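Peer 1: Residue numbers (this note's numbering), protein chains in the order written: chain S, 4 to 393; chain D, 4 to 393.
Be aware that a few hints might be false.
If chains are identical, the list can't say which one is meant, so a pair holds when it fits in one copy or spans any two.
[Said to hold, decoys possible] Cross-link-like lysine to any residue pairs, in silico, SDA-like; alpha carbons within 25 Å at most:
(1) K257 with S137
(2) K350 with D378
(3) K373 with S30
(4) K11 with K64
(5) K374 with E154
(6) K373 with V323
(7) K64 with E19
(8) K257 with I53
(9) K148 with R314
(10) K345 with D152
(11) K347 with G61
(12) K7 with K223
(13) K17 with D84
(14) K64 with D383
Just so you know, these hints were derived from the structure itself, not from any lab.
All of these numbers come straight from a predicted model, not from anything done at the bench.
Protein chains: 2
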Amino acid sequence: MFRKRHDKRYIFEKLEAFHQMDMTYDSGRILSSMCTKPDDIALEAFRMFIETNLGDGGLFKGTSMMEEEVIASLAKLLHSDDACGHIVTGGTEANIMAMTVAKYLFQEDNDNTPELILPRTAHFSFKKACSMLSLNTVEVPLNDKHKIDIERLEDCITDNTMAIVAIAGSTEFGLVDDIGEISKIAKSNDVYLHVDAALGGFIIPFLNYRNNTQLNFDFKCKGVSSITLDPHKMGLAPVPAGGILFRHKKYLDKLAIDAPYLTKNVQTTIVGTRTGATTAAAWALINYYGMDGYADIVEESINLTRYTYNRLSQMNHVQVIVKPELNVIAFNVSDMKVNELKEKLFKKGWRVSNTVNPYAVRLVLMPHVKKQHIDRFLVDLEEIIREYYS
Amino acid sequence: MFRKRHDKRYIFEKLEAFHQMDMTYDSGRILSSMCTKPDDIALEAFRMFIETNLGDGGLFKGTSMMEEEVIASLAKLLHSDDACGHIVTGGTEANIMAMTVAKYLFQEDNDNTPELILPRTAHFSFKKACSMLSLNTVEVPLNDKHKIDIERLEDCITDNTMAIVAIAGSTEFGLVDDIGEISKIAKSNDVYLHVDAALGGFIIPFLNYRNNTQLNFDFKCKGVSSITLDPHKMGLAPVPAGGILFRHKKYLDKLAIDAPYLTKNVQTTIVGTRTGATTAAAWALINYYGMDGYADIVEESINLTRYTYNRLSQMNHVQVIVKPELNVIAFNVSDMKVNELKEKLFKKGWRVSNTVNPYAVRLVLMPHVKKQHIDRFLVDLEEIIREYYS
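If we strip away everything but chain S, and leave its shape as in the complex, we get (with noise of 0.2 Å):
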């Protein structure tokens, strides 16, 4: 492609010709992403901030005083005064600079091979994270609610114990693990534990404020050591717009990395160049919607989860996995094998994805799915079901 030049009328037509080929959140038929359609108001401010670079923030002082802003923000939504972090590119750096800084605390005084112990709901950026940073994982147990077995986990703790990691919002069910009762195990044992809340990071605070639900899963919980949430998710910020938050300024600067060449002369995440653009459109994005505009935006897309909960419970020949505490629903089809049935909704026009921990077909309900695609969806697999036991 370098060798020949093209002129902007050919690049447009095959641009527009390959974007034809992309699905779009406004379509209402991405039911398997955590991702959705960015607000405007976020990419307005997206757009004034696109040459700006936070790995040089020393360049760009207005961008990083709003990163600061957003940082502080996050903080406090999280029930922290001084917690601190980054913007980062989404949930895997965060995780991964978590169990990097735990990492490191554990070298201070064990040579030993780190251990981590992990839930099998954990996200497949922990895998990463352990064969990158060569961590032995440690499985612990869950209960019969698809959570971290509070009565097994002290039992897994040993004296190379690195972390532990909780979720709260798994990618399996959109479970929240019981992390008022994890921290004070973590807290009791002198255990780094680190909250997973990359999705439940921009829901739950919402849905506790409307007395929706009450779930403790930040820093409130003592021996919560550091906590991932997106704007990228719930948060409708574009991509890349990840959070990581640490109750500690000094968990923070265990990342640090002289960077002698740059304004700032040390680094504190894993990706060095790093895009201002999405801290501004998180900057606009909290500033517009605040707590009320969140929690309205939330509950409509956790309403639209139980109403399908409700509908697909209802369904013949349909069990739903688990009643979902956020947004995302896993269920099955009686006799029907998962595959099958993903594949006839991919026919129908869907994109679903699927849980392995029981397999089952996994819907996550993000903003950008409205109750007429959900209405639209049920007729389809009602269909499928009639045609399948017909």
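Use these hints to put chain D onto chain S, whose structure you have.
Peer 2: Just chain D now, with coordinates in the frame of chain S:
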């Protein structure tokens, strides 16, 4: 900030105020960055694909095809027919991916701590990689030209050598190691060789194309296993657009992690959710500019660098550290401390950075820097020197 909602007018007034505090590339005052103002056609393509996520490529088939085409183009640019890789967040992720692959290959038949042979000139992302991945660093000495000392490289290789890193466009001086010779040593010793061409990868091929230089650094050198090259540096793409290419697919496959919830079932990047917008930007740029367009852009910066070098070389009290090979110049003013000179230039509105080995003021001449900016800079520099010696 979550507590109070604000209207759009307030939001954009505040954003504008933050924006005013940022430096801009257009001002020509940023002489310290390897990033630059993204090209207009890149931004137009970017906007079209803002909601895409290559971390879940099955949803975005058009964008995924663009990534394949971009990678195939970059492979060809680097003289390979079948290198494969990804558009990632930047040079740091690219370098860490390469180090991770090298570590996994090493671990297939060696349980010892892997050793990474690294010149002092390597970017600080390798420090991140070494501490995260628990690698031991073996520093290969430099020759008097600030490049890897070929004579002493082989002595660094042991049974525990995991990889050698060579640089095509060093961060400090923009110098290119003798990768032809290093490649031979790597190949004859069967050692993984990674080339960090984050800067040089979008410069050297176009200089070679115009017979402006003939520098070997890419897959033409048979011992090169992987190459980092960043579209978001001289490639004029917006951040985040780094590039990583592996000579063999089996190398990239080492990174494969099961991603059961996604539309593609494996992921071979570090970052998970990954915007496709910068890939679209890179696609548009490559097709629009081609070899000749990029060669024009690159030559303009290289010619301006030579002009600046000549002017600096003729100035009293100025010592240029080394003749530039690419678009980076480091210099000192005799007697004057580097920080003092940086500070005085800062007060006149210039953002320059510094090298460490040896200490010197450092300029990077990216496409946003034009001759009128350099002329103005040199006037200010002369004035500073005159005042200092008066």
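Peer 1: Does each hint fit the structure? Answer for all of them.
Peer 2: Tested hints:
| no. | hint | in the structure |
| --- | --- | --- |
| 1 | K257 with S137 | both (18 Å within a copy, 15 Å between copies) |
| 2 | K350 with D378 | within (17 Å within a copy, 63 Å between copies) |
| 3 | K373 with S30 | within (10 Å within a copy, 45 Å between copies) |
| 4 | K11 with K64 | between (35 Å within a copy, 22 Å between copies) |
| 5 | K374 with E154 | neither (40 Å within a copy, 70 Å between copies) |
| 6 | K373 with V323 | within (20 Å within a copy, 63 Å between copies) |
| 7 | K64 with E19 | between (37 Å within a copy, 13 Å between copies) |
| 8 | K257 with I53 | neither (29 Å within a copy, 33 Å between copies) |
| 9 | K148 with R314 | within (21 Å within a copy, 72 Å between copies) |
| 10 | K345 with D152 | neither (31 Å within a copy, 58 Å between copies) |
| 11 | K347 with G61 | between (53 Å within a copy, 16 Å between copies) |
| 12 | K7 with K223 | between (59 Å within a copy, 22 Å between copies) |
| 13 | K17 with D84 | between (50 Å within a copy, 23 Å between copies) |
| 14 | K64 with D383 | between (52 Å within a copy, 24 Å between copies) |
Of the numbered hints given earlier, the model fails hints 5, 8 and 10; all others are met.
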